[in-house]
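**Q** This is what each chain is made of:
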Amino acid sequence: MYTDPRVVEFVSRNFTPVRVHVKENADAFKKLGERFSAQWTPTTLIVDSTGTERHRIEGFLPADDFLSQLMLGVAKAAFARQDYAAAERLYREVVERFPNTDAAAESQYWTGVSRYRATNDAGALKATAQAFTQRYRDSTWAKKASVWA
Amino acid sequence: MANDITWGRDFDAALKAAKDKLVLIDFSAAPM
Numbered sequence: 058m059y060t061d062p063r064v065v066e067f068v069s070r071n072f073t074p075v076r077v078h079v080k081e082n083a084d085a086f087k088k089l090g091e092r093f094s095a096q097w098t099p100t101t102l103i104v105d106s107t108g109t110e111r112h113r114i115e116g117f118l119p120a121d122d123f124l125s126q127l128m129l130g131v132a133k134a135a136f137a138r139q140d141y142a143a144a145e146r147l148y149r150e151v152v153e154r155f156p157n158t159d160a161a162a163e164s165q166y167w168t169g170v171s172r173y174r175a176t177n178d179a180g181a182l183k184a185t186a187q188a189f190t191q192r193y194r195d196s197t198w199a200k201k202a203s204v205w206a
Numbered sequence: 734m735a736n737d738i739t740w741g742r743d744f745d746a747a748l749k750a751a752k753d754k755l756v757l758i759d760f761s762a763a764p765m
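Chains as they are written, first to last, in the working numbering: chain C, 58 to 206; chain S, 734 to 765.
Derived by calculation from the structure, the hints in this document are not laboratory data.
Every value quoted in this text rests on a predicted model; they were computed, and no experiment measured them.
Where is the CB? At the ideal position from N, CA and C, for every residue including glycine.
Take the hints with a grain of salt, since some may be wrong.
Just the calculated beta-carbon pair ranges, DEER-fashion [claimed, not checked]:
(1) C/A179 x S/P764: 47 to 53 Å
(2) C/S203 x S/P764: 44 to 50 Å
(3) S/A762 x C/A184: 39 to 45 Å
(4) C/T190 x S/K749: 43 to 49 Å
(5) S/D737 x C/A137: 28 to 34 Å
(6) C/D178 x S/D737: 42 to 48 Å
(7) S/D737 x C/R92: 26 to 32 Å
(8) S/P764 x C/Q187: 46 to 52 Å
(9) C/E81 x S/D745: 16 to 22 Å
(10) C/D121 x S/K752: 28 to 34 Å
(11) C/E91 x S/K754: 22 to 28 Å
DSS-like cross-link-like pairs, simulated, lysine-lysine; straight-line CA separation at most 27 Å [stated by the list, open to error]:
(12) C/K87 x S/K754
(13) S/K754 x C/K88
(14) C/K80 x S/K749
(15) S/K752 x C/K88
(16) S/K749 x C/K88
(17) C/K87 x S/K752
(18) C/K201 x C/K183
(19) S/K749 x C/K87
Listed next, the stretches of chain C that the computed footprint assigns to chain S, with coverage defined by at least 3 CB atoms under 8 Å from CB atoms of chain S [said to hold, decoys possible]:
(20) 61-69
(21) 78-87
(22) 105-117
Please work from the sequences and hints to get the whole structure.
**A** Shown next as structure tokens:
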């Protein structure tokens, strides 16, 4: 998954990357694995500057799915630091660039929440519920958004 | 465009160096 040039570029641009190998770095793996409850490989974590985990990817994913998950994690980190404009832009980018991934439905949900947080306009949530009648209708996120209709 | 990722090994050092950047931790069993 790290062989795809888009993933390499995205990781290099957005993260300080740390690799902990289960055998080659066994002590670090045990220590850090316990700290973050990593119980399987590959497990990929996105951690913010406070040391708080913002997103977790467990198991292998093809490049498009992996990249969309990385973008989702960056969006979640923006949301967590209350940069709702950046979060909305990043969530929207996931939906637009990777519409056929699992991350897209989740991102569509959080696009609406980010807009709502930025504007306090409940119409953003209603519009999101409406959007789920067109796309990702069978997703868990559509069920979650249905209360806003 | 970078053609490879420069991985660190020390999370705490990476967190300190990252400042406002996010840290990506890859728990891996893949051949190194």
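**Q** Determine for every hint whether it applies to the structure shown.
**A** Verification of the hints:
1. C/A179 x S/P764: 47 to 53 Å: Cβ of C/A179 to Cβ of S/P764: about 52 Å, so the range 47 to 53 Å holds.
2. C/S203 x S/P764: 44 to 50 Å: 46 Å, holds
3. S/A762 x C/A184: 39 to 45 Å: 44 Å, holds
4. C/T190 x S/K749: 43 to 49 Å: Since the Cβ atoms of C/T190 and S/K749 sit about 47 Å apart, the hinted range of 43 to 49 Å holds.
5. S/D737 x C/A137: 28 to 34 Å: 29 Å, holds
6. C/D178 x S/D737: 42 to 48 Å: 44 Å, holds
7. S/D737 x C/R92: 26 to 32 Å: 27 Å, holds
8. S/P764 x C/Q187: 46 to 52 Å: For C/Q187 against S/P764, whose Cβ atoms are near 48 Å apart, the range 46 to 52 Å holds.
9. C/E81 x S/D745: 16 to 22 Å: 18 Å, holds
10. C/D121 x S/K752: 28 to 34 Å: Since the Cβ atoms of C/D121 and S/K752 sit about 30 Å apart, the hinted range of 28 to 34 Å holds.
11. C/E91 x S/K754: 22 to 28 Å: 24 Å, holds
12. C/K87 x S/K754: 25 Å, holds
13. S/K754 x C/K88: 23 Å, holds
14. C/K80 x S/K749: Distance of about 25 Å is within 27 Å: holds.
15. S/K752 x C/K88: The given pair, whose Cα atoms are some 22 Å apart, holds under the 27 Å limit.
16. S/K749 x C/K88: 18 Å, holds
17. C/K87 x S/K752: OK: C/K87 and S/K752 at ~25 Å, within 27 Å.
18. C/K201 x C/K183: 12 Å, holds
19. S/K749 x C/K87: 21 Å, holds
20. 61-69: With 5 residues closer than 8 Å to chain S, the segment 61-69 of chain C meets the three-residue bar; holds.
21. 78-87: With 7 residues in contact (Cβ-Cβ under 8 Å with chain S), the coverage given for the segment 78-87 of chain C holds.
22. 105-117: Answer holds; 4 residues pass the 8 Å Cβ test.
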